[in-house]
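Protein chains: 2
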Amino acid sequence: MSSDRSRVFEIVPIRQVDVYREVLAQLEGLVRTMPAGARLAPERELAEQLKVSRVSVREALRALESMGKVEIRRNTGAFVLDPDGAPPLGHLRQGLQVDAAFLQWLTEARAAIEVKVVELVAGSAADLSAARAVLERAGDEARGHLGSQGSLDLRFEAALGRIAGNPLLTRMQSMVHQLWVEAWSEAGLAPGEYATFHAEHEQILAALEAGDGSLAVRRMAEHVDRRVRALPQAERAGV
Amino acid sequence: MSSDRSRVFEIVPIRQVDVYREVLAQLEGLVRTMPAGARLAPERELAEQLKVSRVSVREALRALESMGKVEIRRNTGAFVLDPDGAPPLGHLRQGLQVDAAFLQWLTEARAAIEVKVVELVAGSAADLSAARAVLERAGDEARGHLGSQGSLDLRFEAALGRIAGNPLLTRMQSMVHQLWVEAWSEAGLAPGEYATFHAEHEQILAALEAGDGSLAVRRMAEHVDRRVRALPQAERAGV
DNA sequence: GATGGCCTGTGGTCAGTCCACTTATGATAG
DNA sequence: CTATCATAAGTGGACTGACCACAGGCCATC
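Protein chains in written order, with the numbering used here: chain G, 542 to 780; chain H, 542 to 780.
Hints listed in this document are in silico derivations from the structure and should not be mistaken for laboratory results. All values reported here derive from a predicted model rather than from experimental measurement. Glycine is no exception: its CB is placed at the ideal position from the N, C-alpha and C atoms. Possibly wrong hints are sitting among the right ones.
[What the hints assert, rightly or not] Partial list, computed: chain H residues near chain G (C-beta under 8 Å): (1) M608; (2) P628; (3) I654; (4) N707; (5) P708; (6) M713.
[To be verified] Output of the computed footprint for chain G on chain H, the stretches with three or more beta carbons under 8 Å from beta carbons of chain G: (7) 609 to 619; (8) 629 to 640; (9) 656 to 667.
Using the sequences provided together with the hints, build the complete structure.
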């Protein structure tokens, strides 16, 4: 063969690019430069600027949407979502049904996150007033109209998450919280009496405010763990 | 007006359903019943069965794809993905660039997960031989050709994750690991000498095998934490 | 048995069209 | 002047029908 010549003519595989992937990449970059809530250009305009068909733009937008990066509102446009908002859970939930085992797993995952959050907050000497405010307000709401019962429990912990100042952890916390709400409602179980949670939250925050980090960590661990033990026996069978 | 009649004819808002959403929901259900690796019906066929256009099917498939539930191979078909495989990270990474702060956050998140994993394994008296096997093999590979250096570190922990038996935690661990690999390579830093990691892993596993859970937990916490302290000074500035 | 051409199935892409709804505009009635 | 209600423009949702490029199997040829 002419293997000597192959030194001169470099043979290189031709990479096959999907148009919609290219569009997706560009739109991802575009979204990154835009503030949350901003509106993207209309599909037709994007298609024209990118010199592709509307179909390709739409497919890319669909992908962006299910990645949780934009929200597409009919007849209105595509809007950039807050990265710290509700995350997409499809992958985490895939193939898992809400039974007693799932609630157990979810509790363990939640414990992992929340305990770390408390640990970080304790070690940072950060301003706790935001958490204090949330806790007070949740208490008031619970004593008044007991409307939004379930999520009250999580708001305090979300506040701590923000204080911890770790966006990665905050987002993972947000996933777990969302799963938590969905799972308990799907299982048809009440998450429990908020009054109890409130007292426990109060103790956790008190420990943090007193500067006793390890006590706060221990209390949070117990706080989350108490949920599993409170599961009805009937549900435990369905593993 | 004839407000008295409105008692008889119940007026109810017409819910606006997006076809592609409906298709997505059905395909999600379909995928759930199929084993990983199985192939979905061709787009044209799905479209015909669902009585919708191919466009709508394609948009739903795009969404499924970016949710990490299926893989679409050109000219070949859509295949069901393993839920415990590589998860989509788009949302977690959105808006965050890989700098020293990010590596710090990532380490904290990883610590949260790994410590919980060890805790669960310690409390379950499960069979540790799989972890032992991975550890030995990684050691051999490291001593031989030092090809796949970085990920060796994570394989042992992934094995522990599987042993822990919490799919939710396993998937979150998988996300963190994938982020870890990407981040270190993007930052252009070597994750470190595997020999050191191996020794630490050995100690963790030894503690588990000896039944000393709290010691194993402590060692894993230190193991992960050591990474942050090892960050080059130059990188620390770029917060 | 190996090679190379051919056919079919399949995903990728496009242009063009129509529809339903949101929003803003502006005319009209009070 | 205010309030109300048609009207028109803008926009996402959906469909049709077509064409392309490639993977994989089939088959005749060498």
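Hint by hint, which ones does the structure fall short of? Of the numbered hints given earlier, the structure breaks none, since each of them holds.
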